[in-house]
Every structure is written in C-alpha cells, then in structure tokens.
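Enquirer: In case you want the letters, here they are:
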Amino acid sequence: MIHLRGLTKTYDTPAGAFPALRKIDLEIAAGEFVAIVGKSGSGKSTLLNMVGGIDRPSSGSLTVGGAAIHGLTHNDLALWRGRTVGFVFQFFQLLPTLTVAENVMLPMDFCGMRPAGQRRSRAMELLDRVSVSDQADKLPSALSGGQQQRVAIARALANDPPVILADEPTGNLDSETSAAIFRLFGELAADGKTLLVVTHDQAASSVSRTVTIVDGCVA
Amino acid sequence: MIAARWRKVLRDIAETPLRTALAVVAMAAGAFGVSMILTSYSILTRELKTTYSDTRPASAILSVDGAADDALIDAVRRVPGVSDAEARPVIHGRLRVGEDQWVPLTLFVVRDFRDIRIDRFTRDSGAWPPGDDETLIERSSLSVARAAIGDRVVMRTVDHGERPLRIAGTVHAAGLAPGWMEHAVAGFVSKSFDPQMTQMNADGRNQHLRLSATSADQSEQLRIIVTGDRLDEHHIREVAKRVSQSIGRTFTRIDVPTPGRHPHAAQMDTFLFLLGAFGALTFALSAVLVANMIHALLSEQLRQAGVMKTLGASTRQIAALYLGQVAILAAGALCIGIPLGISAGRAYARFCASMLNATIADATPPLWIIAAEVAAGILIPLLVSFGPVYRASRISIHEAFSNDIGRRPFGARRFDRWLARIQWLPRPLMLSLRTTFHRRGRLILTVATLAAGGAAFIAALNVSAAWTRTLDADGRARRYDVQAVFPHPYPIADVAQALATSPDVLHAEYWTDGGATMGESSVSLVGPDANTKLLAPLLIAGRWLTLGDDAGAVINQSVLSLDPSLHLGGEIPLLISGRIVRWRIVGIVKELNPRPTVYAPRRTILGATGQPPDQTRSVRIVSRQHDVAGQIAASKAIEQALDRAGIGVAGIQALSDSRKSFADHLVIIKTALIFAALLVVLVGGLGLTSTLTLNVFERTREIGILSAIGATPRIIARYVVFEGVVMAVLSWCVAVIVSIPITFALDAATGQMFIRSALDFFLSPAAVAAWLLLVLVLAALSSFYPARRSARLAVREALAYE
Chain Y
1 MIHLRGLTKT YDTPAGAFPA LRKIDLEIAA GEFVAIVGKS GSGKSTLLNM
51 VGGIDRPSSG SLTVGGAAIH GLTHNDLALW RGRTVGFVFQ FFQLLPTLTV
101 AENVMLPMDF CGMRPAGQRR SRAMELLDRV SVSDQADKLP SALSGGQQQR
151 VAIARALAND PPVILADEPT GNLDSETSAA IFRLFGELAA DGKTLLVVTH
201 DQAASSVSRT VTIVDGCVA
Chain C
1 MIAARWRKVL RDIAETPLRT ALAVVAMAAG AFGVSMILTS YSILTRELKT
51 TYSDTRPASA ILSVDGAADD ALIDAVRRVP GVSDAEARPV IHGRLRVGED
101 QWVPLTLFVV RDFRDIRIDR FTRDSGAWPP GDDETLIERS SLSVARAAIG
151 DRVVMRTVDH GERPLRIAGT VHAAGLAPGW MEHAVAGFVS KSFDPQMTQM
201 NADGRNQHLR LSATSADQSE QLRIIVTGDR LDEHHIREVA KRVSQSIGRT
251 FTRIDVPTPG RHPHAAQMDT FLFLLGAFGA LTFALSAVLV ANMIHALLSE
301 QLRQAGVMKT LGASTRQIAA LYLGQVAILA AGALCIGIPL GISAGRAYAR
351 FCASMLNATI ADATPPLWII AAEVAAGILI PLLVSFGPVY RASRISIHEA
401 FSNDIGRRPF GARRFDRWLA RIQWLPRPLM LSLRTTFHRR GRLILTVATL
451 AAGGAAFIAA LNVSAAWTRT LDADGRARRY DVQAVFPHPY PIADVAQALA
501 TSPDVLHAEY WTDGGATMGE SSVSLVGPDA NTKLLAPLLI AGRWLTLGDD
551 AGAVINQSVL SLDPSLHLGG EIPLLISGRI VRWRIVGIVK ELNPRPTVYA
601 PRRTILGATG QPPDQTRSVR IVSRQHDVAG QIAASKAIEQ ALDRAGIGVA
651 GIQALSDSRK SFADHLVIIK TALIFAALLV VLVGGLGLTS TLTLNVFERT
701 REIGILSAIG ATPRIIARYV VFEGVVMAVL SWCVAVIVSI PITFALDAAT
751 GQMFIRSALD FFLSPAAVAA WLLLVLVLAA LSSFYPARRS ARLAVREALA
801 YE
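Going down the list, the protein sequences come from chains Y and C. For the first sequence, the residue numbers in our numbering are 1 to 219. For the second sequence, the residue numbers in our numbering are 1 to 802.
Simulated from the structure, these hints should not be mistaken for lab results. Bear in mind the structure is a predicted one, so any value in this text is a computation, not a measurement. Warning: the hint list may mix true and false statements.
[Stated by the list, open to error] Some chain C residues judged to face chain Y by a derived CB distance under 10 Å, without partners named:
#1 D12
#2 T310
#3 G312
[Said to hold, decoys possible] Derived contacts from chain Y toward chain C, CB cut-off under 8 Å, selection only:
#4 L79
#5 F87
#6 L98
#7 L106
#8 D109
#9 C111
#10 N159
Ideal Cβ placement from N, Cα and C applies to all residues, glycine included.
Sequences are here, hints too, so could you generate the full structure?
Expert: So, in structure tokens, the structure goes:
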C-alpha cells in the first residue's frame with residue numbers, strides 16, 4: 001500500500017541545511033497497523049507528513065495506494081488526500097465553529113464524495129462507530145479531549161480512505177482513553193485500513209509492526 | 001440544505017459576534033465616509049449648477065445714460081443676437097442697522113414682478129409683490145439688515161438723505177452672492193417705488209427728494225441674454241457691442257459676468273474640490289482599513305485552512321469560502337454604512353447649500369452614485385482580500401500547523417537582529433517591540449490605516465490654518481482702521497478739516513481709486529501716497545512703490561493670472577479714460593483680495609485719469625484705537641464729522657468689518673475642512689479601535705503563554721498597550737510626513753481657485769499635536785480592554801484558543 005524509496009527531506013534553516021529524513025526505504029502492506037517511534041526530533045512526524053502529502057520530499061519516490069504522490073500538483077494532492085488519507089492530530093484540530101456532525105461531514109463536502117442528502121447519515125454512522133453519536137450536534141468545545149479525538153477519527157474516516165495517519169493521537173489524553181483509542185485503531189486495521197501512527201504511547205502494543213526512526217533513518 | 005463548509009462560514013460570522021461586529025463596524029465606517037461625501041458632492045454639484053442656471057443669469061449688463069424705458073427695451077430685443085432684455089435700474093444706498101451704523105444697500109427696481117425674465121428670483125416669505133414704499137429683501141441678507149419681515153427700516157442715499165422703508169417679505173435670488181458674506185443688503189422694489197421719495201423730516205414737514213437718473217445713487221441697467229452660445233464670452237461681448245452701437249443711446253458701462261459662473265463660483269469650486277479631495281482620501285483610508293480588517297480576520301483562519309486541506313479541500317474551495325465570508329461581511333457593512341452615509345450626505349448637502357444661498361430642489365443622489373457605492377463596497381473588500389485569501393488558500397498544511405504561521409522566524413531579518421541587540425529595555429517592553437516588528441504585515445497595514453487617517457486630519461487642519469494665516473497676513477498688510485468712500489470727489493482740504501474735528505482720527509491719507517481695462521477684463525486702480533505706511537502687501541517679486549516711481553506699478557496675483565505673460569520689469573498696458581497707458585511693473589504682491597488690482601503712485605493715476613489732484617473720492621484713516629470696538633466707534637465719529645461738514649458718504653467701513661467679510665467668505669471652506677477632519681476622526685477612530693482590538697484577539701494564544709509563565713493580567717495589559725502605542729507613534733510619524741505633500745497640493749489648488757495664488761504652506765503644530773494625542777488615547781483604550789480580557793482567560797483556554 002505504501003512504498004518509500006530513498007526518501008529524503010532536508011529543511012533550510014537559519015542555522016543551515018537540516019536533514020530531517022535520510023534515504024528512507026519502507027514498505028507497508030494494506031491492513032497493516034504500524035507504529036512509528038523515536039525520540040523527539042528524530043523525523044517521525046516528517047515521515048508521516050510525507051506519506052500524507054502534507055509536505056513534499058526533497059528527493060526519492062513515494063507511492064501510496066498506487067499513486068506517485070511526489071509528482072502530484074497542489075490541487076490534485078488536496079483531492080487525493082481527501083479521498084485516500086484520513087488524518088488524526090494530537091490537538092484534534094476540529095473546526096471550532098462547526099458542530100461535531102458538521103466536522104465529520106466537511107471532508108465529504110470538499111471531495112464531493114456522497115450525495116449531499118446522505119452525508120449526515122454517514123456522519124452519524126461514523127460517530128456511532130466511535131461512540132459519540134450522542135454528541136453530534138454539540139460544538140467541539142463542549143466535548144472532553146477523548147471525545148474530541150473520537151470525533152477526529154470519525155472525521156478521518158468520512159471519505160472511507162484506505163490509509164489513516166495519526167500524529168501522537170493520544171499525546172493529549174489520559175491512559176484509559178488512550179487505550180480505547182488504540183482499540184479503535186486496531187478495529188480499523190482489522191477492517192482492512194492501513195494505519196500509520198506516530199506515538200510514544202505504551203498502549204501501542206496492539207500494533208502489527210513498529211518502525212523506529214533515529215536521526216532521520218529507519219533503525 | 002447548506003453544505004457544511006458554508007455552514008462553517010456562517011457559523012464563523014455568527015459565533016464570534018464581537019469580532020464580526022468590529023469588522024463590520026470598521027467596514028461600515030469606511031462605507032459611511034465614502035458614501036456621505038459622494039452623496040453630498042453629487043447633490044451639490046448638480047443642484048448648485050441648476051440653482052444658478054434656473055435664474056436665467058444675464059449675459060451682459062449695460063448701464064445706459066437716461067431712463068431705460070419700454071421703447072429702449074423693445075429696441076434692444078430687436079438687435080440680432082439678443083434673445084431677451086430686461087431693464088432693472090439699481091439704487092445704491094445704505095441701510096441703518098444701529099445708531100450711526102450703516103451697511104451697504106442695493107435695491108433692484110423690478111418693472112413687473114409677474115414677468116421676471118432675467119436674473120430671476122423667487123418668493124421666499126411675506127408679501128409679493130412689494131407695495132410702493134416696501135422692499136423684498138434677499139433672504140441671505142436679512143440678518144445683515146438686523147431686521148425682520150414687517151419692520152420699518154431707514155435707508156439713506158447720498159443725494160437724498162434718509163427715508164423709511166418697510167420690509168414686506170423675503171425673496172430668494174440664487175444668482176446673488178449671499179448677503180451675510182458680503183456684509184451688504186440686497187432688496188427688490190417695484191417700479192412704483194417712487195424716485196420722488198417723500199421723507200418725513202425731524203420737524204414733521206414733508207420734503208420731496210428727487211432721484212434723477214444721473215444721480216450718483218442710481219444706475220439705469222439693462223440686462224440681456226444672448227442667442228447662440230451663452231457660455232461664449234467673446235460672442236456675448238460682440239452682441240453687447242452691437243447693442244451699444246445700434247441703439248441711439250449712450251451706454252456708460254458694459255459688464256459681462258463670466259458666463260455660467262455664479263458670483264461665488266470660485267468659492268463653490270474650492271469647496272467642492274475639497275469635498276472631492278477628502279472623498280478620495282476617505283476612500284483610500286477605507287480601503288486600507290478594510291484590507292487591514294480582512295488581513296486580521298484571515299490570519300487567524302490559517303490553521304483552520306490547513307486542517308481543511310488535510311480533509312481534502314482544494315485551494316479554490318478554500319478561497320471561495322473566505323471570499324464568501326468577506327462578501328457577507330461587506331454586504332452587512334454596506335447595509336449599515338450606505339443608508340447612513342446617504343442621509344448624512346443629504347443633510348450635509350442641505351447645510352452647505354444654505355450657506356451658499358442655494359436651494360436643494362432634489363436631494364436624491366443620482367442612481368449611479370448609489371450603484372457605484374454598492375459596487376465599490378463589495379468589490380473593494382474582495383479586491384483587497386485577494387492577497388490574504390490567496391495566502392490562506394495556498395498555505396501548505398505543514399506551514400499552517402507550525403507555531404509561527406506564515407512568518408519568517410524572528411532573527412531572519414537584519415532589523416530583527418538589530419532589535420534583538422537592544423537589551424537594556426525592560427523585558428516586557430522589549431518583547432512588545434520585537435513582536436510589533438516581527439509581525440510585519442500586520443504592522444504595515446495598521447500603521448497605514450492610522451497614517452491615512454492622520455494625514456487627512458492633519459492636512460485638513462493645515463489648510464484651514466493656512467487660510468487663517470493668509471487672512472491675518474492680509475490684515476497686517478492694511479494698517480488703516482477705517483475707509484470712507486464718497487459719491488463724488490470732494491476737496492481734500494474740506495475732508496481734512498472735517499476729520500480734524502474728530503478726536504478719534506489720528507492720521508488720514510487721501511489715495512485715489514479708479515478703474516481700468518486690461519484686454520477685456522476690468523482691473524481696479526489704487527493710488528496710495530508713494531511714501532504710505534498704511535499698506536504693506538506681501539511681495540512675491542520685486543519691490544513696493546517708491547517716491548521715484550512715476551510710471552511704475554505693482555500688480556497683484558490676480559492681474560498676473562489674467563495675463564501670465566506679465567513679468568517684473570515688463571510693461572502693463574491699461575486702457576484708462578479711453579487712452580492706453582503703459583506702466584513698468586516694479587513688484588508683484590499677493591493679497592486675499594481676488595480682484596485684479598494695480599497699485600501705482602497717486603500722482604501717476606491722477607495723471608492718467610485726469611482727476612484734479614486736490615480732490616478725493618476716498619480717505620483711509622488711522623484711528624486712535626485699533627481694536628474692533630475702537631474702529632466701530634471711530635467709524636461713527638467720522639460719519640458724524642463728515643455729516644456735519646456736509647460731505648456725503650457712499651460707504652464707510654471699519655477694516656475689522658471688511659476682514660470679517662473676507663473671513664465669512666472662507667467659512668464654507670473652513671467648514672468643509674473641519675467636517676473632513678471630523679469625518680476622518682470618526683472613520684479612522686472606529687477603524688483604529690477595531691483593528692487594534694482584533695490584533696489583540698489574534699494573540700490570545702501568545703497571551704496564554706505569557707500567563708503560563710507567570711505574567712499578571714496587569715503586566716500583559718501593559719505589554720499589549722505598549723505595542724498599540726508603538727504602532728500609534730509610528731503611524732503618527734508617517735501621517736505627519738504624508739500630510740506634507742497633501743497639504744502642499746491642497747494649499748496650491750484651493751489658493752489658486754479662490755485667490756489665484758497658492759497659499760503659503762503651514763504645518764499646524766496644533767493639528768500635529770491633536771492627532772498624536774487622539775491616536776495615543778485611542779490606541780491605549782482599544783488595546784487595554786481586549787488585553788485585559790485575554791489575560792483573564794484561563795491559561796488552558798488561552799492556549800487552546802483558535
């Protein structure tokens with residue numbers, strides 16, 4: 001599902017060129033649940049951003065679900081991302097002025113994935129799956145952190161993408177809630193989704209594989 | 001069902017009411033300012049023009065020797081090129097407004113009040129037409145007459161003394177200059193206003209007075225309108241000449257008022273120009289204000305734009321969302337700003353029209369003006385938001401999620417590194433300074449907004465001050481206190497003897513005054529004593545008259561503008577008493593008097609006009625007291641002294657009164673400037689307050705960090721207020737600099753229009769100080785409250801603030 005060949009990312013900083021990723025080769029099959037671990041600054045998040053098309057590699061090739069995303073234009077990338085990848089962030093990043101259900105409907109809206117009339121029921125289905133359907137019409141600020149992260153996961157699933165990327169999804173949650181989130185991720189993997197999760201969390205024991213990054217290289 | 005993304009737009013607008021309100025108010029203030037000025041400008045331009053042309057102004061006024069009777073009128077109407085003619089004799093006199101206090105009075109004799117064909121006027125209030133011993137006063141001079149309708153007043157003519165006159169009503173003569181500016185009264189009387197005036201003497205005997213056509217008081221005037229191009233002055237002169245040559249009568253004078261121009265057209269032009277100029281400045285201010293507001297609104301949306309991108313939103317979708325948001329806010333602002341602006345503009349147009357003695361017949365602004373206002377009100381925000389929207393929609397997700405969104409890190413610029421070396425300041429101040437300069441885009445926009453307002457404010461007050469200073473300088477140039485004019489020449493010895501009896505008279509000079517023609521324009525001649533100390537006008541070239549100047553002359557700027565080829569050392573050709581004389585130009589002066597005036601030694605003018613040197617028609621007097629009360633007391637005493645000596649007075653004027661009249665001509669211009677300054681304060685003040693408040697909202701997260709590391713709300717408020725103050729002071733510096741070229745341009749343009757010469761540049765310290773004070777107070781107030789609010793948020797809330 002995900003193929004990285006000689007992937008390199010170098011940032012220009014006032015202190016000079018900083019290599020965040022060096023010639024990474026990595027293969028991840030469909031349905032795998034992969035944890036990416038490493039110290040702070042090792043390049044984990046950069047790797048995730050590359051796979052999600054949030055950031056572009058300096059060199060090397062990257063294909064996700066058969067698409068060579070290093071060659072996509074800005075707009076094609078946006079559409080591809082909306083349909084192929086679901087993101088989950090440490091600070092949830094729900095849009096504060098939209099209700100929970102509307103947040104989940106937004107990606108369908110952007111990618112024109114379903115007939116407009118069906119979007120709400122799809123959102124409710126997803127919210128039900130992550131056990132927050134009773135909060136559907138509240139604003140994110142009324143929800144606890146764990147609930148917000150569940151909404152974020154529901155939103156990531158909105159367009160039924162084959163790949164879910166999560167950057168420290170439990171970094172801001174207590175251990176019990178974290179465990180529940182990882183259980184949810186496990187279920188998604190069991191359903192055939194490919195999951196790539198950057199984490200420090202011990203609860204990540206349910207993953208199928210752990211990739212450790214040290215100084216921008218796969219250890 | 002509305003798509004979720006559009007619901008986000010509506011919700012963003014609805015759920016941040018304070019921010020939405022601030023943005024809408026700022027944009028509405030801009031829309032208000034622009035539509036108010038556009039509305040009043042368009043109404044006044046249209047109505048002033050029609051008010052004047054509706055009077056059917058005379059193309060030419062011919063003064064005829066002998067009575068202008070029906071036979072003459074008929075003959076004139078038959079002259080080819082004459083479309084219409086009407087006789088309207090004029091009686092010059094004075095009207096008593098207090099004991100020994102008189103104001104100039106002009107009475108127009110109307111042959112038929114039911115058939116007024118030229119220089120029309122309309123009934124305003126009271127009776128119509130007037131009875132035999134009655135007059136209808138032009139409404140703008142009623143206050144000068146210090147009388148009311150129904151009052152009996154006393155008029156006085158030189159040859160015939162006093163007679164009572166009843167004010168039967170008022171009329172509106174839009175073609176006349178407003179009486180309150182001229183400090184003169186204009187009235188209309190019927191044909192049966194008997195020239196054989198009957199006057200009740202103090203002893204009760206009736207006395208017949210004869211007002212002959214050759215009297216100094218009355219001129220038989222004939223007004224004509226030409227066929228063909230009524231705006232072609234040359235054509236009018238040709239027709240007038242034809243009239244004077246083809247009718248077997250002697251015409252003593254032919255006046256051709258500038259076609260299509262109201263007597264106060266220069267004043268109106270200046271006023272309208274200022275209104276237009278400040279309209280443009282307000283427009284610029286509003287555009288920057290709107291740009292600033294949108295920049296502030298969008299910069300806090302960058303993270304959300306990033307999130308939407310991770311959800312698959314394309315650049316176009318995001319751009320459409322934000323442009324839609326801007327359009328909704330702009331439409332809201334228009335709904336408030338334009339109706340308010342239009343009604344304020346109409347009220348202002350009415351006010352200005354009343355000052356110019358015009359009537360607004362139709363106070364609806366032209367439809368295209370409203371359409372333009374609406375179009376500009378939507379398009380300008382969309383246009384200025386294009387940059388920030390482009391940036392927000394193109395932002396990479398990576399950038400959107402970074403801590404310092406879209407900004408180069410502090411220290412990347414040389415200026416940052418220089419700032420970073422300043423370490424002796426207290427740390428919160430240091431932080432304020434660095435943050436201010438780090439957020440460069442915001443700094444530039446905020447400073448630009450404040451500076452645009454400040455520059456307009458300072459420029460308005462500068463120009464107003466320049467006019468005041470021109471007026472003062474002109475006052476200082478004339479060092480006499482009272483001027484008396486006689487209806488015909490009197491022996492100087494007689495006048496001097498009469499004045500010697502008045503203890504108020506300190507010194508008197510007998511200058512000669514006259515008229516000449518230069519090309520087709522008439523110019524005034526003033527012949528002061530060559531060694532006079534009573535006149536020192538501001539020289540812009542050459543020198544003043546000296547004893548040796550036999551054929552030397554000093555011209556004023558208005559003569560120069562009639563013939564720009566005139567130059568120092570060159571000759572000025574003048575037609576005086578049918579003879580061409582050439583005088584050498586030794587100096588050029590600048591004065592407030594817009595009349596073309598040539599100054600030459602008294603004996604030179606006497607020589608050219610053939611007047612006897614031992615007689616005079618006027619006297620300039622230095623009184624013992626120079627203040628206003630002293631001048632008025634002296635005027636009364638001089639009137640009495642001349643009266644006792646049997647010397648008739650055509651007019652007597654204290655210099656303070658003529659200065660007041662000049663000042664009253666400037667009232668409308670100064671009102672426009674002060675109005676512009678106030679409008680800018682309103683628009684700029686609202687803009688400043690909302691901009692700074694939004695700036696603080698934008699920084700809630702940063703304020704949370706400060707709180708987290710132990711800053712008290714007080715420290716935070718101080719830090720934010722200091723930042724506002726830094727921006728205010730910066731904007732003030734820019735405003736002062738930018739106001740200089742604007743002031744120069746406005747001084748030059750308005751001076752040229754009104755007195756035919758640029759005003760002297762003056763940077764008003766009061767204006768500069770006032771704006772500094774205003775901007776500081778507004779900056780402090782509009783930063784303090786939002787800063788305190790943010791500082792009181794719980795740290796967690798502030799850190800999570802979006």
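Enquirer: The structure should be examined with respect to each hint, and the outcome stated for every one.
Expert: Status of each hint after checking the structure:
1. D12: holds (5 Å)
2. T310: holds (4 Å)
3. G312: Hint on G312 of chain C: holds, closest Cβ of chain Y at ~1 Å, below 10 Å.
4. L79: This hint holds: L79 of chain Y lies near chain C, its Cβ roughly 6 Å from the closest one there, short of 8 Å.
5. F87: holds (4 Å)
6. L98: holds (5 Å)
7. L106: holds (5 Å)
8. D109: holds (5 Å)
9. C111: With a closest approach of 4 Å, the C111 of chain Y hint holds.
10. N159: Nearest chain C Cβ about 7 Å off; hint holds.
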